[in-house]
Amino acid sequence: MDNNTKQKKLAELQGKVNLIFSQIDCVKVLDKALAMDSQKIIEDVSKSGLRGRGGAGFNTGMKWKGAAEVKDDIKYVLCNADEGEPGTFKDRRILEEQADKVIAGMAICAKAVGACEGYIYLRGEYNFMKAKLQAGCDRWNKIFSDKKLNFKMSVRSGSGAYVCGEETALMESMQGNRGEPRNKPPFPVVEGFLNKPTVINNVETLAYVTTIINDGPEKFSSLGTKTSMGGKVFSVSGDAEVKGIYELPLGMTIQEFVDIFGDGDTKAVQVGGASGSCVPRKNFDKTIIGFEGVPTGGSMMLFNSSRSMYNVLRNYLEFFEEESCGQCTPCRVGCQQLLKGIEAIRSGEKPQEYLAELQKLASTMSIASKCGLGQSLANPFNTITRHFREEICY
Amino acid sequence: MINKNLTDAIALYGKTRENLMPVMQYVVSKENWLSENTLEEIAASFGISPAEVYGVASFYTFLDVAPRGKYVIRVCRTISCDMEGKGAIISAISGFLRVKPGETTPDSMFSFLETNCMGWCHEGPAMLVNEDVHTKLTPEKAVEIIQGYIDREKQ
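If you read the sequences in order, they're chains A and B. According to the working numbering, the first sequence is numbered sequentially starting from 61. According to the working numbering, the second sequence is numbered sequentially starting from 2.
Hints were generated in silico from the structure; no laboratory data involved. This one's a predicted model, so the numbers in the text were calculated from it and none came from an experiment. No residue lacks a Cβ here, since even glycine has one placed at the ideal position from N, Cα and C. Among these hints, one or two may not hold up.
[As the list claims (entries may be wrong)] With a straight-line Cα cutoff of 30 Å, these simulated DSBU-like cross-link-like pairs (lysine-lysine) come out:
1) A/K190 <-> B/K71
2) B/K16 <-> A/K202
3) B/K5 <-> B/K137
4) B/K31 <-> A/K212
5) B/K71 <-> B/K5
6) A/K192 <-> B/K5
7) A/K192 <-> B/K71
8) B/K137 <-> A/K192
9) B/K71 <-> A/K303
10) A/K212 <-> A/K92
11) B/K31 <-> A/K190
12) A/K68 <-> B/K137
13) A/K400 <-> B/K101
14) A/K100 <-> A/K244
[Claimed, not checked] Per the computed footprint, the stretches of chain A lying under chain B, defined by three or more beta-carbons under 8 Å from a beta-carbon of chain B, are:
15) 136–148
16) 226–239
17) 310–324
18) 363–376
Can you build the whole structure from these sequences, using the hints too?
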C-alpha cells in the first residue's frame with residue numbers, strides 16, 4: 061500500500077469512529093443523565109455493549125448493576141488512570157484533552173449506582189497533569205452541588221508501581237498500604253475501597269459512557285462486531301510508520317492494521333502490551349483485534365524483521381520481574397525463573413529442551429498466581445517462544 | 002523534632018491511614034526522599050509502626066528510601082524506548098554526569114536512574130526529570146536538557 065492509500069484508509073476508519081476526541085457539552089450530558097432513572101442509565105450502558113477498556117473487558121453495565129444492587133449509604137466510583145502497561149499511553153491523551161468526558165462519566169456512574177465520592181487514581185508518571193486535572197474536579201464539584209448531585213471528586217497519585225493498575229491493588233494503595241492485590245471474591249462492587257461497594261472503571265470506559273448517554277446506546281453498539289462493540293483508542297508504537305493515539309473500530313484484523321501502520325516489514329505485533337499476546341506475520345490475516353480474537357487495552361507494538369524477539373521477551377521479563385509485587389510465590393519466583401531460564405538457554409548453560417519446562421512454568425503461573433500480573437505472563441511468554449523459537453534457542 | 006515538611010503535609014491531608022501516601026508524596030516532593038528519621042516521625046504521627054511505614058514506602062519506586070539528589074533523572078528502559086536507543090541516552094548522561102545508573106552525583110544535584118514504561122512509547126526515548134517529561138531524546142538533546150537544570154541552579 062502506498063502512502064496515499066494508507067492515509068486515505070486511516071482517514072476512512074477514523075471517520076467511522078469519532079467519539080472520544082469529539083467535542084460535546086458534557087454538562088448537558090450530565091443533565092440528561094440526571095433526568096433519567098438510575099435503572100435506565102444502567103440499561104443503556106448495558107445495551108451499548110460497552111466492555112472495560114483497560115484490557116480485561118468486563119461488561120460495564122453488568123458491573124454497575126452489581127454495585128447498584130448492593131445496599132449501602134457509602135459507595136465509591138474510582139477511575140483507574142494508572143495505565144502502566146508497556147506500550148499503552150492512550151489514557152494520557154484522553155485525560156489531557158477530554159477530562160470532562162471522564163469526570164462526567166464518573167458522575168453518571170455515581171447517579172446510576174448511588175455513589176457519593178469519586179477518585180481518579182493517576183499514575184505518578186503523569187503527575188505533570190495532576191494540577192490541571194484536580195482543577196477540573198474542583199470545577200465539576202461546583203457543578204454537582206449546583207445540580208444537587210451528592211457527589212464529590214478528587215485526584216490521587218500513584219507512586220510508580222505497575223501492579224497498582226490491578227483494581228484491588230489500586231484500592232490498597234489508596235488506603236495507604238502496599239499495592240498488593242486482594243483475593244477475589246469479594247469483588248469491588250461488593251467490597252472495594254475502604255471495604256465499601258466500589259465501581260472501578262478505566263479512563264476510556266468512563267469517557268465512552270458519556271458519549272453513550274449523549275448519543276444513545278445504538279450508535280456505539282452499531283460499531284465494531286457482535287462480541288466487541290464500539291470504538292477503541294489504540295496506542296501505536298514500535299516499528300510503525302505512523303505512531304501515536306488513534307480511535308478505531310474494534311474487529312479489524314491485524315493484517316488490516318499492519319497495512320496502515322506498519323513499515324512494510326512487520327514480522328510480529330504484540331497486542332495488549334507486555335502482558336498481551338504476540339501475533340506472528342503468518343497469523344495476521346486470521347487474527348481479529350477484539351474480544352473474539354486478541355483482546356487489548358489498546359497497546360499495539362509493531363516489530364520488524366531487524367528486531368530480535370529474544371531481546372523483546374527479555375525486556376518484558378525484566379519488566380515483570382521488577383514489577384511483580386512479590387506477594388504470591390508463583391508470580392514472584394516464576395518471573396525470576398523465566399528470565400533466568402531464557403538467559404540460560406541463550407548462554408548454552410541449559411539445553412534447548414529446557415524451553416518446554418519454562419512454557420509449562422508460565423502456564424502454571426497463569427493458574428496459580430493471585431492476580432492478572434502473574435496470570436497473564438503466559439500470554440507473551442508462550443506466544444513469543446512458540447512462534448519465534450528459533451530466535452530464543454539457537 | 003518534627004520535620005516541617007511533614008507538619009505541613011499532615012496539616013494539608015490529615016493523618017488517617019488513607020492519607021499516608023499523599024503525606025509521603027508531599028515530603029518526597031520537598032526533600033526528594035524519605036530518611037529513616039522522617040519514616041519514624043511519620044510512623045509516630047500516624048500511630049503505626051515504623052516497619053509498616055517503611056514497608057509501604059519501599060514498595061513504591063517514587064517513594065525513595067535512599068538519599069536522592071535534587072533532580073531525579075529516570076530514563077525509560079522499556080521496550081519501545083529501548084528500541085529507539087535508550088542505551089545511547091544512558092551512556093551520554095553517564096558520561097556527562099560521571100555517574101552510573103543508580104548513583105547520585107557527589108554534589109547531590111542529580112540522581113540517575115532507569116525506570117519502567119512511563120507512557121511515551123510513541124515518542125521514545127523518554128525520560129523524567131522530577132515531574133518534567135522529556136521525549137524524542139538524542140544523546141545530545143539529553144545532555145543539553147541536563148545542562149539546562151545545571152544552569153537553572155547557578156542563577
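Verification of the supplied hints:
1. A/K190 <-> B/K71: Holds. A/K190 to B/K71 sits at ~21 Å (cutoff 30 Å).
2. B/K16 <-> A/K202: holds (26 Å)
3. B/K5 <-> B/K137: The hint is violated at about 39 Å.
4. B/K31 <-> A/K212: Measuring from Cα to Cα gives roughly 28 Å; hence the hint holds.
5. B/K71 <-> B/K5: holds (18 Å)
6. A/K192 <-> B/K5: It holds: about 27 Å lies between the C-alpha atoms, which stays within 30 Å.
7. A/K192 <-> B/K71: holds (24 Å)
8. B/K137 <-> A/K192: holds (24 Å)
9. B/K71 <-> A/K303: Violated, because 34 Å separates the two Cα atoms, which is more than 30 Å.
10. A/K212 <-> A/K92: holds (19 Å)
11. B/K31 <-> A/K190: Given pair B/K31, A/K190 holds - Cα atoms ~17 Å apart, limit 30 Å.
12. A/K68 <-> B/K137: holds (27 Å)
13. A/K400 <-> B/K101: holds (24 Å)
14. A/K100 <-> A/K244: Given that 30 Å is the threshold and the Cα spacing comes to 29 Å, the pair holds.
15. 136–148: This one holds; 6 residues, not fewer than the three required, reach chain B with a Cβ under 8 Å.
16. 226–239: holds (count 7)
17. 310–324: This one is violated; 0 residues, fewer than the three required, reach chain B with a Cβ under 8 Å.
18. 363–376: Holds, because 5 residues of the region 363–376 of chain A bring their Cβ atoms closer than 8 Å to Cβ atoms of chain B.
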